[in-house]
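From the two separate chains plus the hints, produce the assembled complex.
Top to bottom, those sequences are chains W and V. Here the working numbering is used: the first residue of the first sequence is 59, the next is one more, and so on. Here the working numbering is used: the first residue of the second sequence is 1055, the next is one more, and so on.
The hints are simulated quantities; they were obtained by calculation from the structure and are not laboratory data. This list has only true hints and no planted wrong ones.
Restraint-style ranges between C-beta atoms, simulated for each label pair: (1) P1096/V <-> R289/W: 43 to 49 Å; (2) V146/W <-> D1233/V: 49 to 55 Å; (3) T1061/V <-> V316/W: 56 to 62 Å; (4) V317/W <-> V1083/V: 57 to 63 Å.
List time: in silico DSS-like cross-link candidates among lysine-lysine, alpha-carbon distance up to 30 Å: (5) K1086/V <-> K347/W; (6) K1257/V <-> K347/W; (7) K1257/V <-> K260/W.
The beta-carbon is built from N, C-alpha and C at its ideal position, and this holds for glycine as well.
Okay, here's what each chain looks like letter by letter:
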Amino acid sequence: MHPAPSVIVFTTLSGLGFGLLIWLGAGQPAVTGWTALAFFVIAYLLAAGGLVASTFHLGRPERAPLAFTQWRTSWLSREAWASVAALVVMCLYGAGLVFFGERYAWLGWAGTALSLATVLCTAMIYAQLRTVPRWHSALTPALFLVISLAGGGLLAGQLQAALLLLPLAAALQVAWWWRGDRALARSGTDMGTATGLGARGKVRAFEPPHTGTNYLLREFVHEVGRRHARRLRALTLGLGYLAPALLILLPFAHVWAVVAVALHLTGVAAGRWLFFAEAEHVVGLYYGKR
Amino acid sequence: MTDLPTTTDRKLGLVIDLDTCVGCHACVVSCKGWNTENYGAPLSDQDPYGADPTGTFLNRVHSYEIQPETGPAQLVHFPKSCLHCEDAPCVTVCPTGASYKRVEDGIVLVNESDCIGCGLCAWACPYGAREMDAAEGVMKKCTLCVDRIYNENLPQEDRVPACVRTCPAGARHFGDLGDPDSDVSRLVAERGGMDLMPEQGTKPVNQYLPPRPRDALEPAGDVDVLAPYLEPVASEARGFIGWLDRALDRLPGGRDGEGP
Ligand code: SF4
Ligand code: SF4
Ligand code: SF4
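The shape of chain V in the complex, shown without the other chains (with noise of 0.2 Å):
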């Protein structure tokens, strides 16, 4: 059913630190190798290797940059999921109620076996996670790889999200967003998470870390820390190297030929 629960025994999610991500897509690839080879529909590309190659992925980094009023600009790296909405629009407007959100854990998940691709959930939306699958016609996205953290087969480090497993910079924890003393409640806590377009209402159970403020290094002012390494030591050849730049510019193909 596509009526949404009223709550769920437990809130899975991700939090996502802006502060640490290096912009480095390994979350982006790990997702799209694990949920390739396992839930679902593979994640297909079309044209891949020709002029114009799309795909299906269910996790993407943007970036962006911030111009402060006064100050450097500084550059954030943005991951995007599903942040699997505690009153995620997706689910009500699905006419057939292949997506729906587990009581036991509040995982917005899609049935494909159900799904019309319609579109409509993708529609319903704000975040873009939801993306439409050229090859199989129906609607993936991110299932917080519930088959990896329920996945006895796994070794217990293994378990947690393709994504949390791979970044390099620790950028992505997972946890248990309703249990206000689990790891990551206190970490959006103390660094004061935030949840993204709150005026959309749909409650997002991801939380994101904002940037810290930078380190003030600098005096006012720009200040280039390499130009005295770059100034030029001699500006005029002199003995036997001004006689031997001047003779090979005389070369043909010398210094007013071409080149850089």
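Only chain W is shown next, with the shape it has when bound in the complex (with noise of 0.2 Å):
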């Protein structure tokens, strides 16, 4: 798949964000005050900024609202559905700790509940893609949703748990590349099903319909080096978890929690180009690719 710089930033932005306000509704620092604004002014131009990055992809952004439609079926449209709600139930309480100094908790908890939805919505929509086997797994929400925790747990602050969840998203991470090596093979769909004449014998693409490129080609036919890919892999691993674990673990953790956040960040950035640029769509098998 095409690694659309706008989706990565979405996903990379809005994922650390909507992390961040996960922790917020459960108290997580317990903050009032400056402190709570401070945080959730942060939080927020995660979430938002990610979310108005990924506007940039539509065709005709100007009727973004008629995505709000179709909750009955589209992962898409739950995922507008639940960050709005995520976004107006956490001003709410947000507004309780910065003005009022009260916490109320049914809200912080239900902002918290419906954060986790949005994580869980953003990787749904890759996760149902039976066109895309690395994505289709049960490990693409579980991933997506502990790197969020992890980097939530680390802005908020909560550095005990951030050194379970970083190796956790580590080992995930670990997995599911394992998995998604495999999973196109696995799939069943090759050459021989895209075209119905693999009985036949060996089928081999012999002219491409057009001798220019097209959206297709363009969109979901895209190659990594094998040796690019394996650096990008050790950068996500390195960058995204080990180094920001080990900074965790130095003395005066808390002033090394902002590198620690942005060493995490470009790790998590790298692991989402990948994510997309290493995809392979079964499309490519019309053409002869993968």
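And the structure:
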């Protein structure tokens, strides 16, 4: 799949932002007043900033409100609802903390649940697609949720929890890669089933339908060099999970937290780039690609 | 609504004959022509006369080579447009309701005035049947020429999809695949019509007829039927022609000069 910058920025930033909201709603850390304001501003900049970035890849962004209509079948529509509901509820909850110094716990928990639901919906948009075997797995939502919780925990200063969640995220990431590398072969879809001619012999793409490129090739056929991918995977694990965990273990961990968050974000973004760039869409088979 | 209908009254679709398709791309051109002038936004091209032309098409023809275990390879031309799937994943993922499947005839369409151009439906389609129009920012796909097949302003023989009407080899057939007695259903039964990527669970309505086995004219092994006619009649020129040949060779620019 084409690694569109808008979508990588969106899933990375909003994942972190909603991750922070998950912790804030749960009252971890228990902040009020100015400190609460600072936390909420950061969370909203990340979450809402990510959402705005996601509209950049729409062909007709001015019609975006229509995306709320099909929640019965569409994960993208559900994501729209969950994210707006989470932002509204957390805004009320945050107002209570900042202006009245009151923690309306039930509102906070509702916000936490809605923020979790938003991350889940984002992941399900990808996990539901049978056409991309690498994504079509329960591991995908699990990975998105744990990354979000770990990053959010780091940002919320919940270092104890982050120390547990970061290695868990790393382990899930490795498991996800391991499964993903075998997913296309296991899906049973190949040039034989794509053309229906597989039983007759070895099928080879002889001539594509067009001499130039087209939307399908631009959007769905992206090939990453093996060495390049290996390097980025190491970067994801090292920067995204290992380095932040080590920084937390240092003395004065809270001073290092900012660096840890920056490294984590870089690592997750590299992982997200690979998430798209390495994903094989079965339509590539019609072009003899993969 | 992007809920799929549980059943449709009819299942209109195409039957594509891989045995007779000659790969002429006439259906590609007629489809582009009809659908640029009719239903919805025109199918735009970018840089059409420049170095790197691209454009939106609803129907494209691939060519594949099949190499069996033994015997010669076979070339198959392979037209592909939307298969109007019964379990169309492109419809259920759509957040706006722009994509829908019609209850009356099973045609899968995009309501372009509701489409936000998110592209998710194209991600969900395993066949590459949907293309985002770069000029309009909305999703385009085969309409099964819904504006021809019911069009009372056209003579009866033209009330079939443009690609079907134009195919010089008769490789594309249109009809109701939900009716077991229709011509297309009988053709599918007779020729062993098949689904593309059945494991994707889309239940395509369009069916593909496999190429027939090749005639076995030749005995075992490769035989070059032209070989006897291509034997040189004389290897060395003699007499006057021989003299002329040698004289010409001696001229500047003769045999040792350039040229193939
Ligand atoms: S071929 Fe693709 S676009 Fe057409 S109905 Fe099936 S999934 Fe949808
Ligand atoms: S591109 Fe248009 S038709 Fe396709 S899913 Fe998005 S809104 Fe629906
Ligand atoms: S039915 Fe019409 S829109 Fe569909 S491929 Fe044929 S000509 Fe194109």
